[in-house]
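S.K.: The primary structure of each chain is shown beneath.
There are 4 protein chains.
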Amino acid sequence: MKKKLNVGIIGYGFMGRAHSNAFRQVNHFFDLEHELVLKVASARNAERLEAFREKAGWEEAETDWRKMIERDDIDIIDIAAPNDWHRDMAIAAAEAGKMIWCEKPLARNGEEGREMVKAVEKAGVRNMVWYNYRRVPAVTLAKMIVDSGRLGKIYHYRANFLQDWTISEDLPQGGEGLWRLDVNAAGSGVTGDLLAHCIDTAIWLNGNITRVTARTETFVKERHHNLTGQVEPVGIDDASMFLCDFANGSLGLFEATRYARGHKALYTLEINGANASIRWDLHDLHRLEYFDHGDESALRGWRSIHITDAGGDHPYMDHWWVPGLQIGYEHSFTHQVADFLSDLETGATTQPDFADALITQDVCDAVISSGQSGHWVEV
Amino acid sequence: MKKKLNVGIIGYGFMGRAHSNAFRQVNHFFDLEHELVLKVASARNAERLEAFREKAGWEEAETDWRKMIERDDIDIIDIAAPNDWHRDMAIAAAEAGKMIWCEKPLARNGEEGREMVKAVEKAGVRNMVWYNYRRVPAVTLAKMIVDSGRLGKIYHYRANFLQDWTISEDLPQGGEGLWRLDVNAAGSGVTGDLLAHCIDTAIWLNGNITRVTARTETFVKERHHNLTGQVEPVGIDDASMFLCDFANGSLGLFEATRYARGHKALYTLEINGANASIRWDLHDLHRLEYFDHGDESALRGWRSIHITDAGGDHPYMDHWWVPGLQIGYEHSFTHQVADFLSDLETGATTQPDFADALITQDVCDAVISSGQSGHWVEV
Amino acid sequence: MKKKLNVGIIGYGFMGRAHSNAFRQVNHFFDLEHELVLKVASARNAERLEAFREKAGWEEAETDWRKMIERDDIDIIDIAAPNDWHRDMAIAAAEAGKMIWCEKPLARNGEEGREMVKAVEKAGVRNMVWYNYRRVPAVTLAKMIVDSGRLGKIYHYRANFLQDWTISEDLPQGGEGLWRLDVNAAGSGVTGDLLAHCIDTAIWLNGNITRVTARTETFVKERHHNLTGQVEPVGIDDASMFLCDFANGSLGLFEATRYARGHKALYTLEINGANASIRWDLHDLHRLEYFDHGDESALRGWRSIHITDAGGDHPYMDHWWVPGLQIGYEHSFTHQVADFLSDLETGATTQPDFADALITQDVCDAVISSGQSGHWVEV
Amino acid sequence: MKKKLNVGIIGYGFMGRAHSNAFRQVNHFFDLEHELVLKVASARNAERLEAFREKAGWEEAETDWRKMIERDDIDIIDIAAPNDWHRDMAIAAAEAGKMIWCEKPLARNGEEGREMVKAVEKAGVRNMVWYNYRRVPAVTLAKMIVDSGRLGKIYHYRANFLQDWTISEDLPQGGEGLWRLDVNAAGSGVTGDLLAHCIDTAIWLNGNITRVTARTETFVKERHHNLTGQVEPVGIDDASMFLCDFANGSLGLFEATRYARGHKALYTLEINGANASIRWDLHDLHRLEYFDHGDESALRGWRSIHITDAGGDHPYMDHWWVPGLQIGYEHSFTHQVADFLSDLETGATTQPDFADALITQDVCDAVISSGQSGHWVEV
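Chains as they are written, first to last, in the numbering used here: chain A, 23 to 401; chain B, 23 to 401; chain C, 23 to 401; chain D, 23 to 401.
Misleading hints may appear alongside valid ones.
All copies of an identical chain are treated as equivalent in the list; a pair is satisfied when it fits inside any one copy or across any two copies.
Unchecked claim - With a cut-off of at most 27 Å between alpha-carbon atoms, the simulated DSSO-like pairs for lysine-lysine come out as follows:
#	residue 1	residue 2
1	K165	K25
2	K175	K286
3	K77	K25
4	K165	K286
5	K77	K144
6	K175	K243
7	K175	K25
8	K77	K24
9	K77	K175
10	K24	K140
Since the hints were made in silico from the structure, they are not lab data.
This structure is a prediction, so every number in the text was calculated from the model and none was measured.
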C-alpha cells in the first residue's frame, strides 16, 4: 500500500495545469512508495478555480491560500502563482512545515529569494524549484555525457530562448495570462522568464558563472495595462543578452527575446569541449546532437540521437512507450516529481532546490544590473 | 454533471497502457458531456493483470473477458488483445450491445474482419478502430490541407514504416510481448503491424487503392518459439513493399520492415500534388513539411511547420500547452477518444470504424497475396 | 612536361557545358601526367556551336562530327549528344581508335548498347560512361564504407530521383533542350534519365539486380512536339517505380518522377545493413548520413558527416579548399576525368565503362518491359 | 572581341588559389565585355611560386611584387598575401594607377586601412575587397529580401563563425599556412579572420553598428613559432564574442572561435524582423531559411529554400546548371569578379570597396579594444 501525500496547489494558469498533469500521471508510470493526492487547489477567483479544480482533477477548492497552507492534512505546497507571490507563499508554507515546490524563477529578485532560502533552511523542509527542462530526457542525457568527462576541457557554452509572441504593440500588459509583461508581478521580463531556464541548465551542466556583461532592451515602451486600465510604461526587458565567464574558464553567450519572429519557444543550448560537443533544441526536444572527435576521422559527424529508447540507456524512457515514440514537454514535470518522490525514499536532495535556484536568480540580477550600468558585473 | 461511461478493457500490453492513458486523460483536456470511467480490466494472467490494474488506474480486474462483456454496467469494450482474439471479442461485445473500440489491424485477415463488420452492423453498436496516427495533429492538419483542395491533382503518394528491432536471429517468436512475430497470433508480419497504419492514413488522405503488386520477405526463416519451446519456421513477413494505383489516378509506393538499421519507428508519408506537396515523419511528429508552388518563385521552399500553436489553427493543440511545446505520441489516442465522445454527442460516425478498417484489411490481404503470387492483385 | 591529350566533344547542351568545365579544370586541381586540350567542339547548328566554342573554351568548331572523329590529332571523343546519337557516334569513334567518353544512359536500349560494347571491345579502346554521381565525394565515401564491410549483411536498398519540372501540360516535347521528353530521342523517360543514375549507383554499391517488377506511367498523354509542330502522343514514362531483388539477397525499391512537386533533383539513396546504414541526398550533396549500431547504445544516432575535410580522409577533398567549404555538383565530372587520366597512367580500367553501363541499361529495359507486362522480369 | 585585362596576383596560398579559379572561370559563365588574363603571379618563394603558376594557370612568375606592380601591361593587382602586406602593396598599386582587389580583412587595423583608403581615393583607382560571402547566391537573396522591406522593423541580428582547427596545443604559429595565428602577420585572431566576414555581411544587410561590448580570449597562451623557432606568447584572440547596437535600433550578437569542436566553418546568420525572418548557414550554403508571418496561420513555417533555380529568380544561378544542382563555395569569388567586370562596363561602384571594408575594420578594432577594456566602445 502506497503512502499518500496530499498536495495543495496555488494557481491555475499554464503552470498550474502542467503541474497538475504531472501529479496525476506520475504514479501511473513510475513505481514509487508514495502516491500523490491532488487534494486542494487554491486561487482567488472562485469561479475559475472551480472550473480548474474539476478539469484538472483536484478534490477541493479553497480561495484563501493561507487557509490551505494551515491545513494539517496537506503535505506539500505547490506554488504556481505569479512571481510576486512566491516569497510570501513559500515563507508561509515553510513556517507551516510543508514540503514546498515552487515554480521558477525562485522570486522576483535575489533579495526575495534569499528570504525564501532562509525560511526553508530554518524550517528544515524539503523544497524544489520547477526548472523542468533538466528532466527532458535529452537534457538529462546531456548531463550524463558531461559528467562522464567525454567532452574534455570546455571552451564554450551558448544558449538562447527565442519567442515571438509579444511583437504586437496592441498586446496589453498585466493581469490574467499577461502578468509576465508586468514588471511588478514578474520582477523582470525575458531574463527571469526565459534566460532563467538557460542559466539553470548552464550551471547544472557547466558550473558557476562568475561575471556577466549584458544588453537589455524594451522594444515596446508603453502598453495598455489590464489592471490600471491605462497606458503604462513597460518595465520589463523584452530582450536580454549577455556574455559571461564560467568558473571553469569557458566562455558563455546567452540571449532571450520575445521578438524573434518565427520562433515559438526555441530554447537551444550547445557545449563545446576539446573532445566532444553537444547541442539541444526544445523545438525538437527528443533529439540530442552529439559530436565526438574520437570517431574515426572520415566518419565524424554530428549524431542526431533520438532519445526514445525504452528498455535502453535513455534516461526516463523505460517508463514510457517503445523506441521511436516521443513523449511530450509536459513529462519533464512528471520526471521531476518522480525524482522528488524517489529522493524522498532515499533521503537524497532533489535538485534544483531553493538554494540552487537562488544562484540562478543572482545571475539574473547581475544581468539586469549590467544591462543598466553597461559594465561587467561579478556574480 | 457529466454522464459516466464505464469502460472495460481487454489486454495490458503496450496498447493496453496507451489506451488506458487516453481514457484517464481525455476529460482533463477536453470539455465533453461524457466522462470515462476505467471500470474493469481483463486478461488471463491474474498476477500481471492486477499489477496493470493498479498502475493504469482501473477499478476492477476480471480474468474472464466474456464475463466482463456480459456485465450490464459496462458501456464500452476496448479490445487491446493480440490480433487472433479480435474477432471473437468483437462479436461477443456486439452481441452484448456494447460500443466497441478495437486495436488495429481489425483482424488477422479480411475474412475475420468481415464477420466483425457484420456483427456490429447487426447489433447497431458504435465501433471504432485505433488507427491512432490520424489524430497526430500534424497528420490531421495534412488531412485539412488535402480537403482544402490546395494540392491540386495528385500524382504520387509514398509511405514507409521502418524499424530495426528484429534483426537479431536470437530474438524468439510468440508469447508475451512477442506475439507480433507469430503468424498465428498476428495474421501477418509488418504488413498488418506497420503497413496497415500507412494504408489507413493513405486511404484517408488519398482515397481508395485499386490494385497492388508486392514483394514480401522473411529474412530470418526460423526462430525459437516461446509457446512451443521449439525452433519453428517463421510465418510472418519481415519486410513488405508494394506499388499500387489509387482510384484518383495517382501512384503509390509503400514499404515496411523491421530490418532497417537505424530507424526505430520511422513512419513517413508524402503526397505530391500539382500545386503543393506534404511530408510527415513520426520521428519528428510535430513537424509537417509543406511546399506550396503558389509561393513567390524565389522564396519557394519546404515549410517546416511546428504544429504546436495553442489558440491558433493547429488541430487539437488548443487543448494543450503553449506554442512551441510538443505533446507526446500517446495523445493521438487521447484525441481519438475525444472525437468519439464528441461524436457521441452529435450522433456523427467516428472514423475509422470497422467498415473503414476492413478496407485497409483488404489491401493488406492483397499485399500478402501479391507477395505470394508475384502478380498484380485487384483490391 | 605533361603529355597533351586532345579532346573532341559532340554536343553543347547542359552536359556539353558540364563536361567542358571538367576538362578545363581537372589539371588545375589534380597532378596528372596528362593535360587535356579542349581541341574541337562539334554540333550541327553552326551559330550556337560557335557561341559554345568561345564561351566553353574550345579551340575549334566542326559541324560534322564524323569529320572530327576522323582527325588524327584527336585522342578522345566525348559524346554529349542526345541518346539517339550515342550508338553511331561511339561505333564511329571506336572504329577510328579513339578513347571514348559517353554521356549516360549508354544508349536508348540494351540492343544499341550491346553494339557499342562490341565496338569498343573489338577496337580495344578505353571507354567510360558519365555516371558522374559515383564521384560526388559523399557517394565515394559511401562506397568506401560499403567495401569496408562495416554494414554487415544488407537487407534493404532504396533510391529515388524526384523532380517536378514537367508538370505543366503546356510544356512541349522534342527538339533543343526538350529532347528528353521525346521517346525517339531519349529511348525512355525518367527510367533512362533518372532511374539509370540510381541503378548505376546501386549496382556499384550493392551488386547486381536480378529481377524487377515495375509500374510506369505517362501522366500527360499528349504534348505539342517541337519537331513536327503537331500535338503528338507522349511516348516516354513520366514516372517509373519498381521493386527488385539484388543478387546478395537484399530488397530494392526505386522511384523516379518529374511530377513530385517541390523537388528539383532529389536523388536520395539509403542502404540498411545488419550493423550500419547509410543515407545520401543530392540536394545536400556534401552530407553523408551514417548510422553505426556499434556506437554506444545511449549515444547512437545518424551522423551527419560534412564531407569537406581537406587534408583528411574524405575522398577527392584534399584537392579543393579547406574543411567546411563545399564544392559544386560539377566537380563530380572533374573527379571522373581525373580518375580516368590517373588510370591511364597505371593501366587500370575506369569504371563505369560501356560494359558496366550496359548492365544498368538492361535493368532499365527490364523496368520498361515489366511496366508494360505487369510481370516480374528477370534481368 | 573582348577587351583583355591583365591581372597580377600576389600570394599563392588558399586565397591565391581561390582567386585564380575565379579569374579562370568567370568568362566561361558570364557574358562580359572584358576578358581576364592571368598574366603574372608573384611571391617570394620562387620554387613554390613556379608550382603555383603552372597549376593555377598564370602566364608568368615574378618574385618581386614591386616589379610586377610597375609593369605597364598589368591592369589589376590582386592582393592575396597575409594581412601585414596589404597596406604597402595596396598603396604601391594605387600609386601605379592599377585597379586593386584586396583580400579581407582590409588591413591589420583601422590605421593601416585608412592609409589604404586615402591612397586609392587619391589615385582614383577602382578597388574592391574580397568579402566573398556577399555573393553566395543565398546571401545575395537574403539581401534582396531585406531590401524589399518584407522583414519590417528589425529587432535582432545574430551571427557566428565557428571552427575547431586550432584546439591542439601542438599546432605552431607563424609562417607558411599558419600566419593567421601570428598576431604580427594577422593583426588579430578570429576577429579579423572570421568576425570580419560576419560584420561585413551584417552591415550590408542591417546597416551600421554603433557600439560594441566584447569578450576576447586566448585559450592557448603559448605556441611554438615557426619563424623564431621558439615557444612564443600567442598574441591573437582564439575566441571573440560581442554584443552590439545597430543604427536601426536592432540588437546584435556575434561570436567567432576556432575552439568549437565539431564545426568546420559554421558561419551562420539570422535576422528577425517584425514580419519575417531569415537564416543562413555556410555549411549548407545553398539553403536559405525564410519565415514569413504573413503566411496563413496554420501553414506558417520556416521555408528551406534551395537556392538553385536556373532560369528563375535566384541570383547568379542562371549562369550555372539546372535546378537542384549546387555550385561550390568558390563561385562566390567568381560572382564577385563578374560583378566587378559588369560594373566596369556601367561605371558603377563595386561593393565592398576599401571604404566599405574600413568600416568593418573599425568595428573589428572596437571589438578588440572592448575586449581589452571591458567597456562598451563606440564605433
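S.K.: Can you list which hints this structure breaks, lowest number first?
M.R.: Those not satisfied are hints 1, 5, 7, 9, 10.
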